[in-house]
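Undergrad: Sequence:
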Amino acid sequence: MKAVSVLEHFSDHDSIHQKLKKNTASVYSIAQLGSDEAHFWLNGYVIKQNCRIWSEANPQVYVETPLHPEKLTVWCALWAGGIIGSYLFKNDEGHNVTVNGDRYRAMITNFFIPELNNHDVQELWFQQDGATCHTARATID
Numbered sequence: 239m240k241a242v243s244v245l246e247h248f249s250d251h252d253s254i255h256q257k258l259k260k261n262t263a264s265v266y267s268i269a270q271l272g273s274d275e276a277h278f279w280l281n282g283y284v285i286k287q288n289c290r291i292w293s294e295a296n297p298q299v300y301v302e303t304p305l306h307p308e309k310l311t312v313w314c315a316l317w318a319g320g321i322i323g324s325y326l327f328k329n330d331e332g333h334n335v336t337v338n339g340d341r342y343r344a345m346i347t348n349f350f351i352p353e354l355n356n357h358d359v360q361e362l363w364f365q366q367d368g369a370t371c372h373t374a375r376a377t378i379d
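According to this note's numbering, the sequence shown is numbered sequentially starting from 239.
Incorrect hints may appear among the rest.
[Said to hold, decoys possible] Dumping the calculated SDA-like pairs for lysine to any residue here, alpha-carbon to alpha-carbon at most 25 Å:
hint: 1; residue 1: K328; residue 2: P307
hint: 2; residue 1: K328; residue 2: R375
hint: 3; residue 1: K309; residue 2: H333
FYI, nobody ran anything at the bench for these hints, they're computed from the structure. On a predicted model such as this, the values are computed, not experimentally measured, just so you know.
Take these sequences, add in the hints, and give me the full structure.
TA: What follows is the structure, given as structure tokens:
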């Protein structure tokens with residue numbers, strides 16, 4: 239085994255050490271928000287990926303469900319300051335709709351940014367997944 243020796247120790251007075259401490263502290267002072275949306279089926283259907291139900295009943299029981307059951311899409315953002323949302327995706331007539339690029343941008347512009355302005359946030363990192371409506375060119379711009 240080869241021995242490793244330390245060539246230089248940083249003290250609190252070294253400029254590099256001071257810069258590292260400052261940069262590390264600034265990363266943790268930036269608000270970090272994570273967001274996502276989820277679908278909730280109004281007929282009681284449960285997505286197996288999101289929920290596990292343990293029961294003594296026979297798991298082979300079949301339950302008929304409509305081909306396209308009505309669902310509600312809900313968005314929210316989480317951060318150390320709390321929860322922003324929930325936001326329900328509905329059209330002008332009040333009917334539940336799925337998320338597309340236009341609806342997502344409208345939510346960000348008309349709901350999320352005004353809600354965020356109610357908090358004293360100077361700088362933030364906004365994290366979202368790679369869903370098409372999040373990564374559309376118009377959304378990113």
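Undergrad: Which numbered hints are broken by the structure, listed smallest first?
TA: Those not satisfied: there are none.
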